[in-house]
Each structure stands twice: as C-alpha cells, then as structure tokens.
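> Dock chains B, C, D, E and F against the given chain A, drawing on the hints supplied.
There are 6 protein chains.
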Amino acid sequence: MATVKLLTDADASPEAREVFDDIRRTRNTDYVNNSWRAMANHPAMLKRNWEKAKAVMAPGELDALTKELIYIAVSIMNDCEYCIHTHTHFARGKGMTEAQYGEMLVVIGLATEGNRMMTAMQVPVDERFKV
Amino acid sequence: MATVKLLTDADASPEAREVFDDIRRTRNTDYVNNSWRAMANHPAMLKRNWEKAKAVMAPGELDALTKELIYIAVSIMNDCEYCIHTHTHFARGKGMTEAQYGEMLVVIGLATEGNRMMTAMQVPVDERFKV
Amino acid sequence: MATVKLLTDADASPEAREVFDDIRRTRNTDYVNNSWRAMANHPAMLKRNWEKAKAVMAPGELDALTKELIYIAVSIMNDCEYCIHTHTHFARGKGMTEAQYGEMLVVIGLATEGNRMMTAMQVPVDERFKV
Amino acid sequence: MATVKLLTDADASPEAREVFDDIRRTRNTDYVNNSWRAMANHPAMLKRNWEKAKAVMAPGELDALTKELIYIAVSIMNDCEYCIHTHTHFARGKGMTEAQYGEMLVVIGLATEGNRMMTAMQVPVDERFKV
Amino acid sequence: MATVKLLTDADASPEAREVFDDIRRTRNTDYVNNSWRAMANHPAMLKRNWEKAKAVMAPGELDALTKELIYIAVSIMNDCEYCIHTHTHFARGKGMTEAQYGEMLVVIGLATEGNRMMTAMQVPVDERFKV
Amino acid sequence: MATVKLLTDADASPEAREVFDDIRRTRNTDYVNNSWRAMANHPAMLKRNWEKAKAVMAPGELDALTKELIYIAVSIMNDCEYCIHTHTHFARGKGMTEAQYGEMLVVIGLATEGNRMMTAMQVPVDERFKV
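If you're matching them up, the sequences are chains A, B, C, D, E and F in order.
Be aware that the first sequence starts at 1, since it is given in the working numbering, and climbs by one per residue.
Be aware that the second sequence starts at 1, since it is given in the working numbering, and climbs by one per residue.
Be aware that the third sequence starts at 1, since it is given in the working numbering, and climbs by one per residue.
Be aware that the fourth sequence starts at 1, since it is given in the working numbering, and climbs by one per residue.
Be aware that the fifth sequence starts at 1, since it is given in the working numbering, and climbs by one per residue.
Be aware that the sixth sequence starts at 1, since it is given in the working numbering, and climbs by one per residue.
No incorrect hints appear here.
Label pairs and their in silico Cβ distance ranges:
1. Asp9(D) with Arg27(B): 34 to 44 Å
2. Arg27(B) with Arg128(E): 30 to 40 Å
3. Asp30(E) with Val131(D): 39 to 49 Å
Listed next, the in silico BS3-like pairs over lysine-lysine satisfying Cα-Cα at most 25 Å (straight line):
4. Lys130(E) with Lys5(F)
5. Lys47(A) with Lys52(D)
6. Lys47(C) with Lys47(F)
Keep in mind that the hints were calculated from the coordinates and are not lab data.
Predicted, not measured: the structure shown is a model, and the values here were computed from it.
Ideal placement from N, C-alpha and C gives every residue a C-beta, glycine not left out.
Only chain A is shown next, with the shape it has when bound in the complex (with noise of 0.2 Å):
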C-alpha cells in the first residue's frame, strides 16, 4: 500500500503526462511503471527526476550495464525493495548473466564486510592512499 495514489494516466495532471508519455517513447513500451505514477502526485519531482535518470543512466564513459549493476548494489545498501526488484530486473534485460550477478553480491559481501571491520576497529588511512 503506497502513501500517495498510483496515479493512472487519466488521474495524472497534463505536465505529469507528458512525463509518462516521453517514458513510453524513451522506452518504447507501452507500460509505465508505479514508480513514476507515484512521483507524478508531485509533477515537478517527477519531470526532474525522470530527466535525470534518462540523461544519467544512457551509456556514456562508463557502459549501461555497469551503470546497473552501481544501481542495483545502492539499491541493497539503502534496503530499498521497489528498487532492488525493478533494476535487478533491468540489468538482466541489458544482459546481465546469472554468474555475473553471483558475482556481483559476493563482492557486495566482501564490501560490507570489510567496511564494517575497518569502521569496527576504526583503523586510519594510510597515508599513501591519500590523494
């Protein structure tokens, strides 16, 4: 149960839309999903946010994919269930494979595990890894 309405596009105002309707071109689907019919009781977070995340997540220097995979494990840190659902999802779609996924959780262990020993015994930086 969200805390807002899931707005429909007849609910939706026009500003909130057009958003929905550049989703469907961008994507070329017809399906635009409940996190922007969320954002869209707020129309201005919504046209920020859907700009955004079309201009950051296009291929650039690092590729879609790898872009994915960043999202994904913020996504686990945060604990953020819509999110880990629905970009673990499109990184398949981009072609993440089932050994690469693996993969990618057992260095998200490695990572926390690390982190929380070096914060546990609050060791310092040393000093050549100082820029």
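Below, chains B, C, D, E and F alone, put in the same frame as chain A:
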C-alpha cells in the same frame, strides 16, 4: 587511532606473517596496508578475509575495475572512510578515469535519491518486475 | 507477522493496561495501535517509550507538524515501514498538505544525494563552518 | 583529505566558474564552500546539484528553516560529517535557536529508537494507517 | 518473491546438494531453509557462507546465545526481515527468554539513540578512550 | 569540533551539574566524559539519557558485558566514532578479552554479509520461522 594495535611484522604471529608475505607476493609490493595489520590481531579473521578478497576481487565474469566500482559504491553507502580512500586509490590504479569516477558518483546519487523516494511513498513492486 | 504477540487488553499486564488507558485518554480515541501492543510484552519499555513520546512530540519550541516531518524523515532513512505509514498518517492528521509532503520528500532527496557525494569524495569541512 | 582536488577559481573550467559566480550572487557572499569546489571536478554534476539545491531549499510550502531541519535530520542519519557541520551552521544563520536545535535532536532520538523497535519486532502496519 | 529461484534438492547442482546435506547433518534436521536454497544459485557463495557460518556461530570465546544476540542486533540495524525472523527464532531455540529479548531490545534502543546524538553534535572522542 | 560547546562544570546549569555529580558517584570517578558535556546544552535531554543509560546498562537478565557487546555492535552499524571508541574501552574495563573482541567482530562480519545477501535476493521468510 585504531581500537587495536596495527601489528608490524615483528609483532605479528607466524600465521599472520604468512598472510603478510602472501599479500606482498600477490600484489608485487613491499607494502602491507593498515587493514591487514589491524586484522592481524585476530589471525584467523585475517587469513579468511585475505583469502576471500584475493579470490573475489580477481577478474572473472566481471572485470577487475567493475568490481572495484561496486566495492567503492558499497563503501560509500556504509560510510567507511578507510575503504573509500583505499578502494578509490585501487580503482585509479586499475585504470578508472576521472570521467568514469564522476559518472559512477552520479549514478550513486541518482540511485540513493530514487531509493529513498520509493521507500518514503512505500511504492509496491509492479507484478511484472517480480521473477 | 511480528516476532511477539500483539497483546490485547485482556492479555496485557496491569502495568501495560494502564499505559493503554493513558494512550486512549491522551489521544482521545478508543484505538491503541500495534506499536504499543507489541511493546506491551516488555511493560517497562512500553511505559518509558510512551511517556517519552508524549513529552517529546507535544508542541514546544517546534510545532507539532514540524516534529512529525522530522519523525518521518528519520523513519524513511531507517526504512521503517511501520513508522513511515503511521507517521505519514499522523502528519496528515496534523494538517500536512500534499504539497508540503511533496516538498519534504524533495528536500530528503536533495539531502541524501548531497550527503553521499560529500562522503564519496571525503570533502573536508570548511574551517568557517566549525563552531 | 578529499579524493579529488578542491578546485580554485583558477583551476575550474569556465562552466564550473559560472556556477561559482551564481553561488556568490545568490548567497550574497564571496565564499564558495568546499562541497562545490569538489563537485567542480565534474562540472555537469556541479551545475545540476547547484540548480537543484537553489530551487529546493528556497521557501515554498515549507519555510526555509523547516527545510534546513529536515536536511540536518537526513545528514545525521547518513552520518555525513561535512553536511552536519554545514547545515547546522546554515540553520543557525536562518534563525534556529539552541532550544529548537535541542528539540529537533530529541525528536530524532525518539524516532530512531522507535524505528528500530518496530523493525526488531516486525510489527505489522495497522489497517487504518494505510491510505 | 525472491530475485532468484529457491532451488529444491532436485534443481540444485551436486556441489550445492552436498552443502544441503551437511546442513541437515550439522543441524540434525530434515529442513534446509530458504537462505541456502537462494544461495544455491551460486554454489561457491553457498559453500563459503555455510562453512563460515558453521565455524563462526559455534560456541567459542563467546557462547552460542551471545553470538545470536549480536547477529540479531546487526540484522535489526540492517533492517533484514529474513534475518530478523530467522535469528530471533534461532535465539529462542538456544534458550533466549522473553525477558532477555526485551532487555536486548532496550539496549539496542539506547545505543541507537545515543549514537545519533553523538553524531548529530559531532562530539570528539575523549583522549582517554583512545587506545 | 562539536556543533555545541562541551560544558564544563562552571558553564553547566544547576540541573546539568546534578547529573554530572550523579555520573561521578555512580561510576566512582572524577571524570565526566564528552558525551554528557555535549548533552548538557539540553539539560532535559541529558537527564533523560543518563537516567536511562544507568538503568538499561546495569546487569539484569543479560550481564553487563553482553550489554556492552550489543552496544558496540549497534555503534559499528551506525558508524558512530565516539561510541565505538568509548564502548570498546568500557567493554575492556568490564572484562572483554581480545579473543572475545575478535569473535564478536567475526560474528558482526558474518551477519552483515548474510543480511545483505538475503536483502539482495529478497528471500522470503520460511513459514516455520514466523511466530
């Protein structure tokens, strides 16, 4: 100031010193950094973590740089000062450009904001994104 | 499914039932919500938390709605499903408009992204911002 | 020690320098703080963040001080040293009294403890608190 | 809905099935729980995690129940629904009384509030508390 | 640098000074540490936190050292530098051996990695582990 002594080679147990030596061999360097010198207070922990790190961070289904980027993303989310400095340094050593670094940060920013918006509004996962 | 029973009035100890009664009186309602019924398994915890909540959330130097907004922001950051639903409901009861809700979410989004960027780059605090 | 150089006006790109100038104009000050000088290494990130911060933190449905309080609350939950110092300083500049500061901290303390208790016992949301 | 299939014995690889068998033997039960059936998609991860869990959770310098309490505390702080349910169940199986459970929760509440207050006010560590 | 003054006995209000005196009596020491001197800026917060800490950390159903271990585990998960140093020091004062410390760290490492793996794969709780 760490909560434990950072053990020199002279202070470390033979079991810990063996790990130090393997770190030097594997990384082809004379330098053993503080994380291992802290863990050397608990030799079994040191050995397990080093063996695991060596296996996990090696190139496999994902290349070594992609693994470093995931490691950095997790470290930022856990706010681990030691790990952020160390692995940003390592990533540069493995070829991360400043433009790639900037893109990774922007993806992290997008994801962490998106995560919190979905959590705030408790948006339910679309049926189609469940396996 | 909670890890403890949600105690009815009949199941609760006399000490817990007294707190239930005070909740009803203070809030002018018949309804005692699940958080208190869970804490009733540990009556001293229940009493201390209720007394504190009653004192802390009352209008003081900050008005009651501002306090609810801060409570919601913290609950989102801790990813507490129970607390997000409850306190978003309470904030609306205390007059939060949908436009205010949207603005709060946008501030949270800005802050959480900004926080992670500063942490990622380990930016040192400007001397002038220290007390 | 940041992981990037804090760019002076001389070092920054023309695009970044323009943002610096807008910061000076908007805030009516000569001082550009470290957060922007760090982001200047990635001019597009700098520009997007500054434009967003300027828009989001301006008084709207919520007044400027309430927005700062929410910003501080998020920064505490993310444990961002830079952001805690900076925005506590900003909030005082916008009129936050020490008594208001103390009350905000107490609300944060109440919320974060309550959050963890609900999570610990996995308390289900009462039907009536769902929209 | 998990992001991977929970593998039955029939679906699992021989390597994974061996771990399943060791879980059954070690715990003297027929039941292999979902965590292992999820990890079985990545057999090396499954094997490493099971070996480690078996070694780490056995009584040593700390008794088995104390270890479970620490495990639960961490799981609450990471907001891991699966782990909270599982390890609260395990702790009860190892003799945790409801009174002990209540006390643990109260310590967690005290600590998490205290942590955030110190972070909020950026209180420096007293010289005498550094090693 | 704290965001508030660390109040000396001379600077503190009579109400705060009374708490300082009770800390000295209870702990049988002359030393009042920085956490209380920071909270003294908000005397009601100081009094409530001290009374609670005194009651909660006393031996009860759990012994004093087990409580300290739980406190440390939470502080590590919240990344509270002040609290990690202080309570690691306190735990040693209450008899924590280096071997116990090492085992606690290893349990924290196991738990935090396990938590993130379950979250990553969104593993559903087994029916039998729900109360």
